[in-house]
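First to last, the sequence lines map onto chains A and B.
The first sequence finishes on residue 264 if you use my numbering, and the numbering steps up by one all the way, no holes.
The second sequence finishes on residue 264 if you use my numbering, and the numbering steps up by one all the way, no holes.
Any given hint could turn out to be false.
For identical chains, the list gives no copy identity; a pair is met inside one copy or between any two copies.
[As the list claims (entries may be wrong)] Derived PhoX-like pairs: lysine-lysine, alpha-carbon spacing no greater than 25 Å straight-line:
no., residue 1, residue 2
1, Lys-37, Lys-165
2, Lys-197, Lys-165
3, Lys-165, Lys-130
4, Lys-179, Lys-165
Hints in this document: simulated from the structure, not taken from any laboratory.
Protein chains: 2
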Amino acid sequence: MVNAALLIIGDEILSGRTQDKNIQYLATWLNEAAIQLVEVRIVPDVEAEIVAAINALREIRDYVFTTGGIGPTHDDITSASIAAAFGVSHGVDAEAYRRLSEYYGEEDFTDARKRMAMVPEGALLIDNPVSIAPGFQMENVFVLAGVPKIMQAMLEKLRDRLKGGRKVWSQSLTIHAPESKMAGALERIERDTDSVSLGSYPFFRNGNVGTQIVIRCPDKSLINQAMDALLSAVARMNFEFERPSEIA
Amino acid sequence: MVNAALLIIGDEILSGRTQDKNIQYLATWLNEAAIQLVEVRIVPDVEAEIVAAINALREIRDYVFTTGGIGPTHDDITSASIAAAFGVSHGVDAEAYRRLSEYYGEEDFTDARKRMAMVPEGALLIDNPVSIAPGFQMENVFVLAGVPKIMQAMLEKLRDRLKGGRKVWSQSLTIHAPESKMAGALERIERDTDSVSLGSYPFFRNGNVGTQIVIRCPDKSLINQAMDALLSAVARMNFEFERPSEIA
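Construct the complete structure from the given sequences, taking the supplied hints into account.
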């Protein structure tokens, strides 16, 4: 299994100003690439907090993605903070400078915009097909924009640099009964089916209580085995249920 | 200033199955209570990860809130994990048992549901007016449900237990110009106005580029001073702008 952490850098998420849209997108995208998102942290635009989080996460996770704080203004301190975390200098990247200079033109390539050409020493650029200002990679750390459209475009550009492990497949079953009535069966199935994990998520819809069970495992045949056991338990208890989702 | 961290416990957020709705709500609610959310972590339903995060956060933050993992099924391990983090035993709380027993009735108070009466030794219950099964408080750690409606109701129930510091007020200004053109002015205003922080957030609307500037400070008069300086800079540069928001 290959794992990853996401570090979101942004006062705007912590103040409640902005609703995060990057966690779910990245989680789903990584899952497709056979990489499991196993931790997320959100920290403010404060260098010491960014440095501490980066240095904690890059040691213990295979990949670390960051979003936010790579724009042209004073509150965009991600790039300098990553340089500090790695203990390297922070300076202008000639290729990033060339791209930005060409995009904005001589006159509009202001000092503020020139900041966006600065990366930690040794960084590898990540292309930005939306607004040119690149992200960058330092070892196992990938520094992306916070604006969802730009973040998503950057992710596509680095697909070839990421090496996945085994993809975790999942299949879900919706049951029209409270999860507490399923608890014993779920525990038994998870125990009996090695390496399968079962998640149980209650919902309330039109005044009725129900449960969505999600079976996850890197081995499709074990998912089939757990789903068979689950359907048999549900049928024995005479609960209504919907057709299982496709394994995806 | 009084600060807080949020620990979200849930495979369903990390797998991309569920879009988080608790961060923004809690951030906004805490801000009203004059408490600043300064960190969020999301970890999977794995005891060692929960214990490590709880013990890291409760040392360095004034308050820690957790959401998720307090239901009746095998994947609900938050309560036992908090007991492990504090090094105390985990057992049935008589009052929680009484409430749940009364709510479900003798016959429907299954073993699975009885798990929801278990809390760490020394915990103080947090009322749940939606579905009865309580949250709990251990020292500066507040353990809440993950379902947004229940989490929100629990928060209201513990308002009197939280002690805020100075409220951070904010005011925003929308400018119809790219943020890079504002960068110099923003940096100068933040430097000149002690304890004020300025956030700069670009947006794209109907093909036009704009910037929302958010001024934040516990002192309203300093917000006024920074806003005056900002409006004067914007006027000098001849940018279009909208009426500033109320200070809130």
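Hints, verified against the model:
| no. | hint | verdict |
| --- | --- | --- |
| 1 | Lys-37 <-> Lys-165 | both (10 Å within a copy, 20 Å between copies) |
| 2 | Lys-197 <-> Lys-165 | between (42 Å within a copy, 22 Å between copies) |
| 3 | Lys-165 <-> Lys-130 | within (22 Å within a copy, 46 Å between copies) |
| 4 | Lys-179 <-> Lys-165 | within (23 Å within a copy, 39 Å between copies) |
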